[in-house]
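Visitor: Sequence:
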Amino acid sequence: MRKLLFLLLAGIAITLTSCRNDFSFEPSTGGLEFSKDTVYLDTVFTNIGSSTYRLKVYNRSNKDISIPKVQLGKGTSSKYRITVDGMTGDAGAQGKIFSNVELLAKDSLFIFIEVTSDVASANPTDFLYTDQIQFSNVSGAPQTVELVTLIQDAYFIRPNRTEVTPNVYNYEEINLGVDDTNQQVVTVGHTLDHSHPNNGDEYHWSNLKPYVVYGYALVPNNETLIVDAGARVHFHANSGLIVAKNATLKINGIAPTDNNPENSTNEVVFEGDRLEPSFSEVPGQWGTILFYSTRTDNTLNHLTLKNATVGLLMQNLALLTDTDKPQVTITNSQIYNCSNVGILARKAIVSGQNLVINACGQASFAGTFGGTYNFAHCTFNNNWNSSKQVAVLLSNYLETDTAIYVSDLTTTNFNNCIIYGSNQTELLLDKKTEGNAAFNYKFNHCLIKFNSTSLANTGLYNFTDTSAGSNYDSPYVATSSTVFNPKFKNVNANKLWLNEAWNVAMTNDATYSNFNDIVGNSRATGTVALGAYQFVP
Numbered sequence: 060m061r062k063l064l065f066l067l068l069a070g071i072a073i074t075l076t077s078c079r080n081d082f083s084f085e086p087s088t089g090g091l092e093f094s095k096d097t098v099y100l101d102t103v104f105t106n107i108g109s110s111t112y113r114l115k116v117y118n119r120s121n122k123d124i125s126i127p128k129v130q131l132g133k134g135t136s137s138k139y140r141i142t143v144d145g146m147t148g149d150a151g152a153q154g155k156i157f158s159n160v161e162l163l164a165k166d167s168l169f170i171f172i173e174v175t176s177d178v179a180s181a182n183p184t185d186f187l188y189t190d191q192i193q194f195s196n197v198s199g200a201p202q203t204v205e206l207v208t209l210i211q212d213a214y215f216i217r218p219n220r221t222e223v224t225p226n227v228y229n230y231e232e233i234n235l236g237v238d239d240t241n242q243q244v245v246t247v248g249h250t251l252d253h254s255h256p257n258n259g260d261e262y263h264w265s266n267l268k269p270y271v272v273y274g275y276a277l278v279p280n281n282e283t284l285i286v287d288a289g290a291r292v293h294f295h296a297n298s299g300l301i302v303a304k305n306a307t308l309k310i311n312g313i314a315p316t317d318n319n320p321e322n323s324t325n326e327v328v329f330e331g332d333r334l335e336p337s338f339s340e341v342p343g344q345w346g347t348i349l350f351y352s353t354r355t356d357n358t359l360n361h362l363t364l365k366n367a368t369v370g371l372l373m374q375n376l377a378l379l380t381d382t383d384k385p386q387v388t389i390t391n392s393q394i395y396n397c398s399n400v401g402i403l404a405r406k407a408i409v410s411g412q413n414l415v416i417n418a419c420g421q422a423s424f425a426g427t428f429g430g431t432y433n434f435a436h437c438t439f440n441n442n443w444n445s446s447k448q449v450a451v452l453l454s455n456y457l458e459t460d461t462a463i464y465v466s467d468l469t470t471t472n473f474n475n476c477i478i479y480g481s482n483q484t485e486l487l488l489d490k491k492t493e494g495n496a497a498f499n500y501k502f503n504h505c506l507i508k509f510n511s512t513s514l515a516n517t518g519l520y521n522f523t524d525t526s527a528g529s530n531y532d533s534p535y536v537a538t539s540s541t542v543f544n545p546k547f548k549n550v551n552a553n554k555l556w557l558n559e560a561w562n563v564a565m566t567n568d569a570t571y572s573n574f575n576d577i578v579g580n581s582r583a584t585g586t587v588a589l590g591a592y593q594f595v596p
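If you read the sequence shown in my numbering, its first letter stands for residue 60, the second for the next number, and so on.
These aren't lab readings, by the way, just hints derived from the structure by calculation. No experiment lies behind these values; they were computed from the predicted model shown. Some clues are possibly wrong.
Across the chosen pairs, the derived CB separations fall in these ranges [stated by the list, open to error]:
# : residue 1 : residue 2 : range
1 : Glu232    : Thr517    : 43 to 53 Å
2 : Gln243    : Val595    : 24 to 34 Å
3 : Thr492    : Arg113    : 57 to 67 Å
4 : Asn558    : Asp185    : 14 to 24 Å
5 : Asp185    : Ala150    : 31 to 41 Å
6 : Val247    : Asp101    : 51 to 61 Å
7 : Thr189    : Asn234    : 40 to 50 Å
8 : Ser526    : Ala569    : 18 to 28 Å
9 : Ser94     : Val223    : 38 to 48 Å
Listed below are the simulated DSS-like cross-link pairs for lysine-lysine, each with C-alpha atoms no more than 25 Å apart in a straight line [claimed, not checked]:
#  : residue 1 : residue 2
10 : Lys165    : Lys122
11 : Lys165    : Lys128
12 : Lys554    : Lys447
13 : Lys447    : Lys501
14 : Lys304    : Lys384
15 : Lys128    : Lys115
16 : Lys128    : Lys95
17 : Lys384    : Lys490
18 : Lys133    : Lys115
19 : Lys133    : Lys122
20 : Lys491    : Lys384
21 : Lys384    : Lys309
22 : Lys447    : Lys384
23 : Lys548    : Lys447
24 : Lys501    : Lys491
25 : Lys546    : Lys447
All C-beta atoms in this analysis are idealised placements derived from N, C-alpha and C, irrespective of residue type, glycine included.
All chains should be built: construct the whole structure from the sequences, respecting the hints.
Guide: Put into structure tokens, the structure is as follows:
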């Protein structure tokens, strides 16, 4: 009896699992539904592949169907590429044509879409490249989903390469010099060229077309890179710009003509090369602007730099043994969304006016291993999602695995600045006493976010010391988000202008307010606001 019951149950199981060994697919008569009628692939640069976009196709009917053909409208000549539920396509038409695509009842399939096109293939009036995915059926005209993308022409700055064996290349390298151990430092990159066959004079970046940089572009000794107002520069992953010790960088952006902080037409923009809106504020997409230059004529004006690992890195190649100091003057500029530091200056000289830095993984500004730093009407904010980030870090040492090295923090002046953020304390002063290295700093009429009952008004943070030569002159210490809150427009969108006038009296030192704000508003009349932006009702 028990054996009979077992056989009966086994028979039922086999019947249930084997009731259909294959499916009977009927030719599609149409009626497919799609997650989108039009797929907009975001802007891509000429001959650079896009990201992958997804389309979902639904069979809402009760029938298993076979779609006779799923294909691109332009066939094998299309610049688009698709895969259909993991299939690559018909022989000789991979990525373009798919025959007899089966789709079960009440089921769906995925189509993944990419494009690589040049601007010459786009519509000459609007630079749009278009095609469609066609789904044929036995009842009539194919159903279609439109494909649209904007193709943007660009200058491409990248290492030259020579083919050694098929598909194996040697890439151009740049020799940066010797480090503290007397070792040559070499990296893959491209030394700029005055007469490049495709780009022309690579020492003059204009606003005619964007620039896309692969690897590191080097401004070598005794050369100057000039960047015009309105230029747009896009850096690929792990790419950046290096300014050699005796080279010069001049960024010549200008203020918006309407004083509107959201008008970026005339500024210079350095950012990543992912143009999709979802990547517009993603940190760490590219490397850094590496300053070895000790020239006094390095000037960055009206630059917006965003989404780097370190926005601006200033140091000597031989950091411990070279006594020269890299230096730059940066004015009316913004640095946002750097995964590590906005400006990391090691034993360097930085002068800044109307500088705004926000949302950096470790520090917005870090002046480390000594140096000389002078800022007026700057806004250092840090709303990075962390409990350890700060807006401003100052130190006079460098620590390695084996030793601590000190260097004089010769002069540090913050005048009429805002040092703020989402953390409890946004100012970190890190002093080592070894070797009697200097640690000189002055905060004059600054708003400082600092909420530490154990450190406030003691040692390096003695905000209440009003004696002559004290480190703090008329500070405004924000001990919570309700005390001296600057009420920025929208910190998460990097809109750090004042949304309303100060709700308490905060004065400036007029000595350091004799220039317009970051967008050209005058500070000559009315109440002068701290930071880079003058409040305009």
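Visitor: Does the alpha-carbon distance linking lysine 548 and lysine 447 stay inside the 25 Å limit?
Guide: Between lysine 548 and lysine 447 the Cα gap is close to 24 Å, so the pair holds against 25 Å.
Visitor: Take the C-alpha atoms of lysine 384 and lysine 490, compute the straight-line distance between them, and say whether it is at most 25 Å.
Guide: Distance of about 20 Å is within 25 Å: holds.
Visitor: Would the hint linking lysine 491 and lysine 384 be met if the CA-CA limit is 25 Å?
Guide: At roughly 20 Å apart (the allowed maximum being 25 Å), lysine 384 and lysine 491 satisfy the hint.
Visitor: Do the alpha carbons of lysine 128 and lysine 95 lie within 25 Å of each other, as the hint requires?
Guide: holds, 19 Å
Visitor: Using the C-beta atoms of threonine 492 and arginine 113, is the stated range 57 to 67 Å upheld?
Guide: With Cβ atoms ~59 Å apart, the hint holds.
Visitor: Could you tell me whether the CB distance from serine 94 to valine 223 stays inside 38 to 48 Å?
Guide: holds, 45 Å
Visitor: Measure nothing beyond the straight line between the CA atoms of lysine 304 and lysine 384; if it is 25 Å or shorter, mark the hint as holding.
Guide: holds, 9 Å
Visitor: So does threonine 189 sit 40 to 50 Å from asparagine 234, Cβ to Cβ?
Guide: holds, 46 Å
Visitor: Regarding the pair lysine 447 and lysine 501, is the alpha-carbon distance no greater than 25 Å?
Guide: holds, 23 Å
Visitor: Can you confirm whether the C-alpha distance between lysine 165 and lysine 122 stays at or below 25 Å?
Guide: Holds, at roughly 8 Å.
Visitor: Holds or violated: are the alpha carbons of lysine 133 and lysine 115 at most 25 Å from each other?
Guide: holds, 21 Å
Visitor: Given the hint of 51 to 61 Å, is the C-beta distance from valine 247 to aspartate 101 inside that range or not?
Guide: Given a distance of about 28 Å, which is not inside 51 to 61 Å, the answer is violated.
Consistency with the previously given hints fails for numbers 2, 4, 6, 19 and 22, ordered from lowest to highest.
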